[in-house]
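Peer 1: Fit chain B to the known structure of chain A by using the hints.
Spelled out, the chains give:
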Amino acid sequence: MRTIAFLLLAGCAFAQTEIPYDASDLLKLPEHMYMGEAAGVATDSKGHIWVYTRTGDAYATIGTSRTFSHGGGRIFEFDRTGKFVKEIGQGSYALLFPQAIHVDAQDNVWIVDRASNMVIKFDPSGRVLMPMGRKPEEIFVGERGGGRGGRGGPGAGGAPGRGRGNALPGAGSPGDLFNQPADVAFDSAGNIFVADGYGNARVAKFDKNGWFIKSWGSRGSEPGQFDHPQSIAVDSAGNVYVADHGNQRIQVFDNDGTFKTALTGVGAPWAICITPGAHQYLYSSNSNAPDSMDNGEIYKMELDGRVLGKFGRAGKLLKEFGTVNAIDCRGGNDLFVGELTNWRVQKLTLHP
Amino acid sequence: MKPSRCSAALLVVASLAFAQSELTPAQLRLKAKAENVPEIPFDSVPNFLKLPPGLYLGEGIGVATNSKGHVFVYTRSQDTRLFEFDAKGNYIREIGEGLYGFQFAHAVRVDKDDNIWAVDEGTNMVIKFNPAGRVVMLLGRRPEPVDGVKLSVGFNAPVAPAQPYTFNRPTDVAWDAAGNIFVSDGYGNSRVVKYDKNGRFIASVGTKGSGQGQLNLPHTLAVDAKGNVYVGDRSNSRIQVFDNDLSFKAIYDNVGQPWAVCITPGPHQYLYSSNSYPDSNNSTMAAVTGEVYKMELDGTILGKFGKAGKQLGQFSTIHEMDCHGENELYVAEIGAWRIQKIILHPAKGEK
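So the protein sequences, as listed, match chains A and B.
For what it's worth, the working numbering labels the leading residue of the first sequence as 1, then goes sequentially.
For what it's worth, the working numbering labels the leading residue of the second sequence as 1, then goes sequentially.
Just chain A, with the same shape it has in the complex (with noise of 0.2 Å):
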């Protein structure tokens, strides 16, 4: 009996385990070159890196009689050492507000923009592939003529306008055409797994070339409805994960949109990643909200959700975090984190 006892007690202290790790800012941009918010970091098959980052300023052109975005989002290929390699997509029509970057079996690069409400694949060179979504033609800036030129105001420009894009919030509106989308991931046959996201609370399903077969989901708390779904990630078996943010929970459904299970425990999931290989693991990130230094922690699981340890928390330093917006688990122990509030990816080495 003792001995059961004690092994009781030694899995749940396993369960709260540290896992103990190592963290490097090895991304090095060219002189004259800034990273700004680190939104979306990805590997591929080579270990490059891929950012998606905030940076710039997104700008609304004045003068005409529509109000038009601009700007703001770029896209960065390091290598693995992180030496500098490339930039794709420099003055896109979509890279607006960047949310996610992700990179398929095929070495494709795919960025999700939240402004834009897009998501485009690029092949690794950088040459569009496939747009998803429209880019609303135009901007609403307030009352028509009202708005007041302000002494300089926060940030302007960028946010989602009144096209055929911007359903009403939380509609779950079913169709081709995303509302402030989030993340993107992919099962094993290339279809393609949109949440979406920060306007509509649901996740739409598309084949791999593009052509809508499903959405699922809609705003509340209920088995199958989300709050703010903000980061997707799908196992081997074709299984979807959502990070259901708002609702402190990852929702699983199977390949079709059927719901399975909701894991908790892990606080309130803002990015979550699956690795790759014979035995899956999932992360997930109870990131800080940019105005705190509350949580910050991520999370090691089984992908039935059992928790295995965490590691990390919120602040400035290395080795903190300044709310996740991504992780990147394809190279198993090895992580990479973008961080909203620090400007940065860093690189974690578990040594669980």
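Hints in this document: simulated from the structure, not taken from any laboratory.
Mixed in with the good hints there might be a few duds.
Claimed, not checked - Calculated cross-link-like contacts (lysine to any residue; reagent style SDA-like; alpha-carbon spacing at most 25 Å):
(1) K197(B) - S283(B)
(2) K112(B) - L317(A)
(3) K128(B) - L26(A)
(4) K112(B) - S67(B)
(5) K319(A) - P164(B)
(6) K128(B) - K121(A)
(7) K86(A) - A132(B)
(8) K319(A) - I202(B)
(9) K128(B) - K205(A)
(10) K33(B) - G266(B)
(11) K83(A) - G133(B)
(12) K128(B) - L29(A)
(13) K205(A) - W216(A)
(14) K310(B) - Y56(B)
(15) K68(B) - H32(A)
(16) K128(B) - D25(A)
(17) K319(A) - N281(B)
(18) K128(B) - G315(A)
(19) K121(A) - F84(A)
As the list claims (entries may be wrong) - For each label pair, taking beta carbons as the anchor points, the in silico distance ranges come out as:
(20) D294(A) - A225(B): 42 to 50 Å
(21) A225(B) - D22(A): 46 to 54 Å
(22) T349(A) - R134(B): 56 to 64 Å
(23) K208(B) - H70(A): 33 to 41 Å
(24) R134(B) - D22(A): 14 to 22 Å
(25) E94(B) - T81(A): 44 to 52 Å
(26) G47(A) - I92(B): 17 to 25 Å
(27) K208(B) - S218(A): 55 to 63 Å
To be verified - Some chain B residues close to chain A (C-beta under 10 Å, calculated; not the full set):
(28) Q103
(29) R134
(30) A203
(31) K208
Idealized CB from N, CA, C, for every residue including glycine.
Peer 2: Frame of chain A; chain B shown alone:
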């Protein structure tokens, strides 16, 4: 040169004395209470900053020097930009081109380790660069553009309660000897916030108002060697002094509206404060504003220099000052789009 200076000073004194009874209420509001303050003779170095062809300063918003005497200028140009010059005013480089945190400059300061800190009123951020120009720490966060449009348009929207890690049009930054960070915040909030050297919130002081410990546009601040915090409480026309824990200590209310303050290095520290000519360019205010005061840290006024104007040696809305030494100051001016290097000659004034 000397006699003409004296007679000019006399003329100013005479005209001020004559005008005293005829000042409008608006002029009286901006005029410093201090009377009979001795003038400190000074020179302004002509054409101090040498800009390469094709490069222009906009409004001179921020100026700061590092330990080598290099001069950093934060300017509202076509874009908000940060430049470095050497001690002779020769252009060296630009820092932070296209930076996500640059939108509307407000202040630049250099800490004791030569890190460069920019305070941007547009993005609500305080950005720390290391001496090489790499971003090493950030305080505050730029509003997301999707929210920003709403914020910009809703100019009269109610101000949300101040949060530990969020600024609302911050204005300035300073440090104590231990590396604790003090931020004046600012136009939207009315407070001073203290962080530890790693950016963790410790304390804040101030709400909007005119009572003791309240602030109405904390526009500039400086910290002395003991860690006391001097806040330019601009719209209250006073400097408020707080101790290192942000407990109230004193008020100096006789030097006009403190737009810019700085404290000199060295064993005997002095406090300079600018009663700047208003950026509304209201020329009727030129008679009662534009001068810079030299003070002991306890508020005793030692002298003043300068007056409103756009000529060399005159000041057109000083927005930030750097006290590189007791007698070597750098001033950034909104109106004349420039930085002036000022050399004071206090000994001459005493004769």
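Peer 1: What hint numbers does the structure not satisfy?
Peer 2: Failing hints, ascending: 1, 6, 9, 10, 17, 20, 21, 22, 25, 26, 27, 30, 31.
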